[in-house]
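A.B. asks: Just need the whole structure built from these sequences, with the hints factored in.
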Amino acid sequence: MIPTLGHFALALGFAIAVAQAAIGLFGPNLRDAAVLRAAPALAIGQFVALVASFAALIWAGVVSDFTVRNVADFSSSTTPLFYRITGTWGNHDGSMLLWCLILSLCGAVVAGFGRTIPTSLRSRVLGVLGLVSGGFLLFTLTVSNPFARIWPPPMHGAGVNPILQDPGLAVHPPILYTGYVGFSIAFAFAVAALIEGRVDAAWGRWVRPWTIVSWCFLTAGITFGSLWSYYTLGWGGFWFWDPVENVALLPWLTGTALIHSAIVVEKREALKTWSVLLAIATFSLSLAGTFLVRSGLLNSVHSFAVSPNQGLFILALLGLTIGGSLLLFAIRAPTLATTGIFAPVSREGALILNNIFLCVIAVVVFTGTMYPPFVNLLFGIQISVGAPFFNQAALPLTAPLILAMAVGPLLPWKRGAIGPALVKLWYGAVVGFVILSIFLLRGHAIAALGLAGGAWVVCGALVDLAERIRLFRIPVSQSVNRLFNIPRAALGAAFGHLGFGIAVLGIAGMTLQIHTITVLHPGQGVDLGGYRWTLERVYDAPGPDYAARVAVVDVTRHGKQVMTMRPERRFFTAEHVTTEHAAISTNGIWDMFATFADEDKSGGAEFRFNIHPLAPEIWLGGLIMALGGGISLSDRRFRVGAPAKRRLRKPQGMAEV
Amino acid sequence: MMTRKQRRLWIVIACGIGLSTAVALMLVAFSSSLSYFLSPRQVLLKHPAPGDVFRLGGVVQVGTVVKAQRGGHPYTKFRVTDGQASIPVIYTGILPDLFRQGQGVVTIGSMAPGDKEFVADMVLAKHGASYMPADVEQALKKAGKWNPKFGPPPNAATWNDKTPKQIEAANQRNPVQ
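Just so you know, the protein sequences line up as chains H and P, in that order.
In this text, residue positions in the first sequence follow the working numbering: the first is 1, and each later residue adds one.
In this text, residue positions in the second sequence follow the working numbering: the first is 658, and each later residue adds one.
Source of the hints: derived by calculation from the structure; they are not laboratory data.
Idealized CB from N, CA, C, for every residue including glycine.
Where hints are given, some of them may not hold.
Unchecked claim - Per label pair, the in silico range of CB-to-CB distance:
{"id": "1", "chain 1": "P", "residue 1": "Glu774", "chain 2": "H", "residue 2": "Ile381", "range": "24 to 32 angstroms"}
{"id": "2", "chain 1": "P", "residue 1": "Val669", "chain 2": "H", "residue 2": "Asn587", "range": "49 to 57 angstroms"}
{"id": "3", "chain 1": "H", "residue 1": "Ile381", "chain 2": "P", "residue 2": "Tyr732", "range": "30 to 38 angstroms"}
{"id": "4", "chain 1": "P", "residue 1": "Pro770", "chain 2": "H", "residue 2": "Ala170", "range": "43 to 51 angstroms"}
{"id": "5", "chain 1": "P", "residue 1": "Val669", "chain 2": "H", "residue 2": "Leu440", "range": "35 to 43 angstroms"}
{"id": "6", "chain 1": "P", "residue 1": "Ser677", "chain 2": "H", "residue 2": "Ile446", "range": "22 to 30 angstroms"}
{"id": "7", "chain 1": "P", "residue 1": "His704", "chain 2": "H", "residue 2": "Pro388", "range": "16 to 24 angstroms"}
{"id": "8", "chain 1": "P", "residue 1": "Tyr732", "chain 2": "H", "residue 2": "Ile446", "range": "26 to 34 angstroms"}
{"id": "9", "chain 1": "H", "residue 1": "Leu312", "chain 2": "P", "residue 2": "Glu774", "range": "36 to 44 angstroms"}
{"id": "10", "chain 1": "P", "residue 1": "Tyr732", "chain 2": "H", "residue 2": "Pro542", "range": "30 to 38 angstroms"}
C.D. replies: Set out below in structure tokens:
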């Protein structure tokens, strides 16, 4: 009964989305206040319907209702409750519903919190969101219905894929999806602005917070995904340039460009057309990313929700959304006149440089990702473009970005000089140079460049903050006072840059990792990185739906006990799958990583021991970046709202970013 | 301050430099790091030179996975088959969780000198339980060993002694869902 209600709620959500699209898009032409009020109400209604639908699916998973195909195929009664819940979005149909739910949440958020947006613009924004939502709800209803029933129901479900029985599944997909789908708001604003033919500073101010929210989620989602693969794969891999990773990186790159270019729109009313295009491109890449992998066109090692038979529907939807918005852009973009003038060396110039490089990197990643399927389609040759391509083609392009990243925030608006900014950065340059020479002398060229670049960016962010609080030039107490009065947007930007620098440090540090693979009998040990790793014993440990073998590995340094690691192998009885659970011990600067790979008949256990320098910094940096976005969101002018309501006592220059 | 035209010129020049650098980098990377996907049969036909990195994909032949040690370091030896030919693969490292006999894998590496064995640097098996990499799937279809209409791929152990017709007939007799 409950799944049927869920199915009904899904259909209701679709009907409301269609109404929202029609009324939202055409309502403003009627000049009727009641019609303008309808779109927000419908958006909230759609969200409520989809919440009910999603709750019904989770209910079916919790009570193990095997008449629902989705539950029968991807859950079982022996699965722990937590994974019965998270398992609902660990497959294609369920994750589709989650995707639509988040899209409707975006509409509801605009309806609920967008009171300062002019009603006609808001109505059109909601109309565009309703149109996109309607298309994907139709897809969910007709082709990938998560509420499809089977009769007679099987006695036992097939079970959750053991690799997905991980807390990562509760965190990573919802956050990543919120990031992907959140860009739909920027997209809807761009399309609505094109329909209205008006993009101004106020538009920039409305779009930016929504973009920052989704950027934060996307950053955090990618970070969690990378962390998940790091601890689950058993050899510490955190990024492979696999298609499914690249398609998450693409909207991140253009979204990062968008949050920077929207600053210029907001402050200087320049780059308007470009920002509109970026907003369209970012959401298009999000869509293409989610669905090209699902359609089976891109082949990935680690995506879990694939349904190749629905490719055509998806491609048609993608074509309509992306093609339609780009067509509208081509027709209406010339009407958006540019104002605002500035010199090449200025904050604007630096932001343009940032945009150029981010987009060029995006082009490289896009080409590398899409090249194999197209070559296969056109010439029938199977080619793969792997990590070496991206390392060679994309990483060099990050070098100018990293160099400019520290300088940009120190340049003034309109016109500046590069000299004074560089003088402020002298000690960053010294730190970078010292690191570069130390590691070059040790023969680690790549690590040297990466670490120096990361240190340079970190120093740049710190210098930016130090300049703002005039550290050491005025008494410290006044500096501290100033620290609390820095505009939150500026503080957020500094944190964003700081996080990026720390992540670069972590990634560069990981290239210095050392590992060994060995077979040990109890009592035997191996040396790695100045530590002695000794296998103590191996014992059995039962789990909820698996049987585990746990190895006890003692780690000593100069004969002194450092720690005991317990890597596991879990055998899932229902699915006949063994998974490895690495033991990771971190001190914040490096990770000790032990994987228990296999056991042979003579009692020997196969291990992989790794030491990963600076690995924790990768995720710390990612989270600091996301945190920076959050700080920026709390900026006063976003809370206060539209520029019309700005009070006089806040001087213009205060809110520099 | 500069006029709008001058500014546009600057932006166009910057974009041009950025894009041309990217294109140059991509061309260099394409020429040096593009790797081909080959099935075991194609490897026997084309004889890639030792040291050329390519992807070898197929199904892990049942009953061929052997673990051994060399100088205290364990390694794994197995054969990858597309039903028409099979190639021995040597891999030092930890196999993915879902590496299993009779299932699709993609291995990345190069032929060892002597053209007999494939030395893999990386072995990829999908995290999903029933995985057939698209490349492998295509290779199997080309070899006439598997028609996906009739369910999951047949047991790899049977491939070398059955014709495609026999396999198809066997699949039709007991179709899997």
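A.B. asks: Work down the list of hints and note, for each, if the structure agrees.
C.D. replies: Taking the hints in turn, this is what the structure says about them:
Checked against the given bound of 24 to 32 angstroms, the beta carbons of glutamate 774 of chain P and isoleucine 381 of chain H, roughly 25 angstroms apart, stay inside it. At roughly 50 angstroms, the beta-carbon separation of valine 669 of chain P and asparagine 587 of chain H lies within the given 49 to 57 angstroms, and the hint holds. For isoleucine 381 of chain H and tyrosine 732 of chain P, the Cβ-Cβ distance of about 32 angstroms falls inside the hinted range of 30 to 38 angstroms, so the restraint holds. The hinted range of 43 to 51 angstroms is satisfied by proline 770 of chain P and alanine 170 of chain H, whose Cβ atoms lie roughly 49 angstroms apart.
Taken as a hint, the range 35 to 43 angstroms holds for the pair valine 669 of chain P and leucine 440 of chain H, whose Cβ atoms sit roughly 37 angstroms apart. For the hinted restraint 22 to 30 angstroms between serine 677 of chain P and isoleucine 446 of chain H, the CB-CB distance of approximately 24 angstroms keeps it satisfied. Between histidine 704 of chain P and proline 388 of chain H, the C-beta spacing of about 23 angstroms keeps the proposed range 16 to 24 angstroms intact. Tyrosine 732 of chain P and isoleucine 446 of chain H have their C-beta atoms about 27 angstroms apart, which keeps the hinted 26 to 34 angstroms range intact.
The hint said 36 to 44 angstroms for the Cβ distance between leucine 312 of chain H and glutamate 774 of chain P, and at roughly 42 angstroms that hint holds. Between tyrosine 732 of chain P and proline 542 of chain H, the C-beta spacing of about 32 angstroms keeps the proposed range 30 to 38 angstroms intact.
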